[in-house]
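Participant: Listed here are the chains, written in short residue letters.
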Amino acid sequence: MPFSRGPLLPGTLNRDGAGSPDAARTDADQFGELVHAVAQDRDRSAFAALFRHFAPKILQYCLRLGADRSTAEELVQDVMLTVWLKAASFDPAQATVGTWVFTIARNRRIDRLRKEMRPAPDPDDPAMTPASLATPEETAQMVQSSRQLQDAIETLAENQSEVLRRSYFLEQTHEEIAEDTEVPLGTVKTRLRLALGHLKRSMRDKA
Amino acid sequence: MTVPFHHPDDQLLIGYASGQERAGKSLLVATHLAYCPDCRQRVASYEALCGNWLEELPCAGDDGLDALLDRMDGLLTAARIQQEPAPIELPAAGRTCGRLVPEPLRSWLPDAIDTPTDDGSWREISKGVWLSGWERTLSGTTKSGTTVRLLRMASGAPVPAHRHTADELLLVLRGAFRDEYGSYGLGDVAHYVAGTDHYAFGASEEDCICLFLLDGDLIFLDEDGNPL
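Here the protein sequences line up with chains G and X, keeping their order.
The first sequence: position 187 = 187 (our numbering), numbered continuously.
The second sequence: position 78 = 285 (our numbering), numbered continuously.
Do not rely on the hints blindly, as some may be mistaken.
[Unchecked claim] Cut-off 30 Å, straight-line C-alpha distance, at most; resulting in silico cross-link-like pairs (DSSO-like, lysine-lysine): (1) G:Lys200 with X:Lys350; (2) X:Lys350 with G:Lys115; (3) G:Lys200 with G:Lys189; (4) X:Lys334 with G:Lys189; (5) G:Lys115 with G:Lys86.
If you're looking for bench data, these hints aren't it; they were derived computationally from the structure.
Here the structure is a predicted model, which means the values were calculated and not measured.
Throw the hints in and build the complete structure from the sequences for me.
Facilitator: Written out as structure tokens, the structure is:
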């Protein structure tokens with residue numbers, strides 16, 4: 001834990017002020033440090049802290065997607081073991097720990113619950129088009145497109161975001177969503193169409 | 208143009224990111240991602256959205272997972288850090304002429320995509336248009352799954368009139384083709400929903416070769432528009 005060595009303002013006698021670096025630290029930074037401690041030092045207390053935060057969420061995720069309790073627990077164990085083994089491959093510049101854990105959980109449950117392989121590009125594949133091959137104009141467009149998508153995600157209406165979440169993250173059918181949220185089926189379909197339209201408008205060069 | 212121009216719909220990208228999309232269309236989306244840094248970024252944004260949704264899942268206070276953490280202690284001791292996988296071996300030079308098809312599709316294909324049309328690996332469906340003998344049925348949204356093949360079009364050769372009962376998707380792996388909406392080159396995706404009429408023809412000097420996905424049946428039509 002870095003100790004604050006900043007100059008104290010006159011009259012400031014304690015270090016608990018809002019300006020201290022610790023107050024500005026986000027959850028994301030703290031989880032990143034825990035993963036780093038697991039990777040570097042095989043730190044079991046850091047692993048336990050990650051487990052206590054993420055294991056209940058992975059369990060809920062698997063139960064919601066139809067796993068029974070014992071399969072869900074096996075999946076939690078699989079995912080957390082992968083966190084332990086692959087901690088060194090976590091890159092905080094690419095994703096938050098929560099997103100990284102989600103991708104591991106997603107892949108493991110496709111493997112275990114659907115008994116399917118998830119096709120994915122291989123980042124070491126020499127046939128992959130690197131982002132650096134894009135022209136400066138294309139790169140500028142990509143940066144803009146990414147920002148526009150972020151804006152679009154953040155400005156989704158609450159009820160549209162909820163239909164998106166249930167449909168894609170929880171894999172509910174339109175009928176299940178209508179029943180759970182107590183809205184007519186037609187409204188569910190309309191909200192989903194509006195949500196996708198809102199995201200699509202942020203897509204670059206839409207043909 | 209060095210990166211693709213025609214991208215998969217957001218519906219496919221978010222379905223791929225969330226894991227909701229099944230294997231057939233995921234294979235096409237993932238192969239498009241290898242060509243398209245822009246869509247890789249979009250998928251990363253959607254994965255981050257799913258990461259937030261994971262964080263927001265309500266958790267029961269007493270979830271009984273402490274015992275699991277205790278049990279994992281022994282596993283952590285026994286688990287060895289896995290070695291980094293060996294670098295991928297490039298296929299022999301003869302496997303593909305021109306540009307290598309990227310993963311994940313490359314591992315699925317039996318041969319180079321541009322084998323001669325008279326060596327038995329292609330079936331001519333009309334003059335200058337072939338379907339690959341290679342064919343896989345992967346899981347899809349419908350019970351019958353998604354059929355995956357290669358479609359090959361010689362320069363100027365039109366794909367015969369056909370009707371499809373569900374989604375049809377093309378991903379260009381070599382050359383280019385045109386339809387009424389535009390021109391499609393390397394890495395581009397064309398998505399036709401059920402019931403739409405469209406035409407397509409090869410529009411490059413070399414034969415255009417596409418990954419060709421079909422949910423449901425493909426019915427070729429005669430000159431009067433009746434099923435053959």
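Participant: Check whether the Cα positions of X:Lys334 and G:Lys189 lie no farther apart than 30 Å.
Facilitator: Outside the cut-off at roughly 43 Å; violated.
Participant: For a C-alpha distance cap of 30 Å, please report whether G:Lys200 and X:Lys350 respect it.
Facilitator: holds (28 Å)
Participant: With the threshold set at 30 Å, check whether the alpha-carbon distance from G:Lys200 to G:Lys189 stays at or below it.
Facilitator: holds (16 Å)
Participant: Check the hint pairing X:Lys350 with G:Lys115 against an upper bound of 30 Å on the C-alpha distance.
Facilitator: holds (16 Å)
Participant: Could you grab the alpha-carbon distance between G:Lys115 and G:Lys86 and see if it respects the 30 Å cut-off?
Facilitator: holds (22 Å)
When held up to the earlier numbered hints, the structure conflicts with hint 4 and nothing else.
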